Amino acid sequence: MDISPERSLSENGGYDRSNEAHADDVNIQSLVEWLNHALPHLNMPLDASEEELRAYLIDGTVLCSILNKFCPGLVEMRGSSEPGPENIRKFLAAMDEMALPRFVLADIQEGYMEPVLQCLVTLKTHIEFNGGKESIREHLRRRWNLPKEFSEGIDNSQVDTMTYGENSSIYGEVRQRDSFDNKYGSASAALAHDGLHKLSEMFQQNQGPYTDISESNILELMKSNGLDNASTRTLFSLVNRILEESIERRNGHVHHMAHIVKKVVQVIEQRVSTLAVNLKDQNNLYKVRLGKCQSRIKVLETLAAGTTEEIQIEKTKIEEKKKLEEQELLRTKQEKIHSDIENSTLKHELETAKKTHEEHCLLLQVQAEETEVELEKKLKELECFLAESKKRVKELESFSKSKSQRWKSKEGYYRSFIDYQSRALQELRAAADSVKHEILKAKRSYTEEFNFLGRIDCVKLKGLADAAANYHSVLAENRRLYNEVQDLKGNIRVYCRIRPFLPGQSKKRTAVEYIGENGELIISNPSKQGKDSSRLFKLNKVFGPAATQEEVFLDTQPLIRSVLDGYNVCIFAYGQTGSGKTYTMSGPNMTSQEDWGVNYRALHDLFQISQNRKSSISYEVGVQMVEIYNEQVRDLLSSDGPHRRYP
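Sequential numbering of the sequence shown, starting at 1, is according to the UniProt record's numbering.
The set of hints was computed from the structure by calculation and includes no laboratory data. The reader is advised that the hints may include incorrect statements.
Claimed, not checked - Here are the simulated DSS-like pairs of lysine-lysine, each with C-alpha atoms no more than 27 angstroms apart in a straight line:
1. LYS263 / LYS436
2. LYS401 / LYS380
3. LYS354 / LYS377
4. LYS124 / LYS69
5. LYS298 / LYS124
6. LYS380 / LYS394
7. LYS298 / LYS315
8. LYS614 / LYS441
9. LYS541 / LYS403
10. LYS124 / LYS292
As the list claims (entries may be wrong) - Label pairs and their computed distance ranges (CB to CB):
11. HIS338 / LEU375: 18 to 26 angstroms
12. TYR619 / GLU550: 41 to 49 angstroms
13. TYR619 / PRO545: 34 to 42 angstroms
14. TYR414 / ALA442: 37 to 45 angstroms
15. GLU358 / LYS528: 51 to 59 angstroms
16. TYR619 / ALA546: 17 to 25 angstroms
17. SER610 / GLU551: 18 to 26 angstroms
18. HIS338 / THR307: 16 to 24 angstroms
19. SER610 / GLY544: 32 to 40 angstroms
20. TYR629 / ARG479: 32 to 40 angstroms
21. CYS570 / PRO545: 20 to 28 angstroms
22. ALA431 / LYS528: 47 to 55 angstroms
23. TYR413 / ARG444: 42 to 50 angstroms
Fair warning: this is a prediction, and the values are worked out from it, not measured in the lab. No residue lacks a Cβ here, since even glycine has one placed at the ideal position from N, Cα and C.
Build out the structure end to end from the sequences listed, making use of the hints.
In structure tokens:
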């Protein structure tokens, strides 16, 4: 039985090195993911190369751990100083027991990783296909589920030699000799080696016939069992030599040669019978493997049929997609033609617009130059005008200063005149009071002497009439002087009342710096600096935060009383919201007379005077109260529905 030396997929399931076309099909990344999932402690990088993967697998620990992971206790791992080859041999033995293709030890040692990767992929597929940890053990039970008579004819040593392949007798005499040496030990091997060496020397000598073999040498060869360890070819050569020499020899040594020939024939017969049994057992194993392969082929054909249908469906989808892409391509070509036409049209329009734009730019450039010349002229004129304006401003500033000084001098003169008129008015008021007392006294005397007057003559009545006429003339003169004083004070008077701080407001935030006795008021502005930081105002009078309602009214009372002499008087308050206008004019509380405002005090004063003079003068008083809000005038005393409005 001749065995080819090429490393192909042999009887023991090993891969050959000529099968390099399948190396590209092995996805190392998916294989590494499977190893990391099965053995999390490995933590192998997903982009590991073949050399890095070989470094993880070279000691055989990972391979045996994979088998024990899915079938605990399948491979026995023991500590050893050189565990690599031993663990790999155990892994290969387990792969043979499962009838799965595997690699040889030299592949991983020499760095040839294609068979190793194919073996791992096959193991991964087998585990995933059979479903879990128990699949390997069930597969092993099925693997050795042989007939009883078949299993009895094979001892453990024969199973080992047939399964592992490297020690099988069918692979040659050298492997049979290795198995024999392993069986009988090193001592018998040494004796056999010496006997065969002597026998070879005897038959390989070219000098003389076989008569040189002494009886002692033959007995020594028989006792050493060297014939059992000799190769079959050597034994056949020995028989041929003995037969050739037996023809030539006719002496008494034939008996010894017969024993040698008998022993050689027995050894050959035993070997032939053993070889026949081994061949029969191997044939049965091949039949079992062939049945399993055929069942797998059927399963794969079924899977391939389903895959073919899926491929056909996918092919139909691809053809439909291709048709859609062709239609899309045709539509795209039409759109491209249309877009090319539009591009040419737009290009022509762009060129036309470009020419128009260039002409417009030239026109604008000419206009810009003309405008620049005009602007330069205007700029020069404006510079001259600015110089004249600055000169005029200086003149106006000097004139304003001189005029301000004149106004200040006039203001002092008028202020002194007003003070003089005020003193004269007070004197006149005192005189009017004295005249009033005299009139009242005369009235009382007139009442007392009324009866007496009836008895006087006409001369006395005429004198009394003259006195009454003088009284009315004096009263008219007093009124005239009083109204002249009011006119001297001014027809328009401006007062300022400063509102006090409300509860909770900080008193440090006031803008009032100074309040003068003659109506001076200085207001500060922190947001400005220099001269504009404070401003001076001149008013008729300034009421401070401590001024009462009565003080405000007393300063306007003379002007209000001139209403009784036929003069029109208007008093109004203006200011921002919350400045105190309503408080000054009306007051916060109607029940308290001290809090009355100007309106209520004026009405009370006018009605009181008219009541006092009703015996001599009859007054008709008309009052109107209006509000100016958002540029509209509203009558506050109107009672007919909404307030009457004035434009």
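Failing hints, ascending?
The structure conflicts with hints 1, 2, 3, 11, 12, 16, 18, although it agrees with all the remaining ones.
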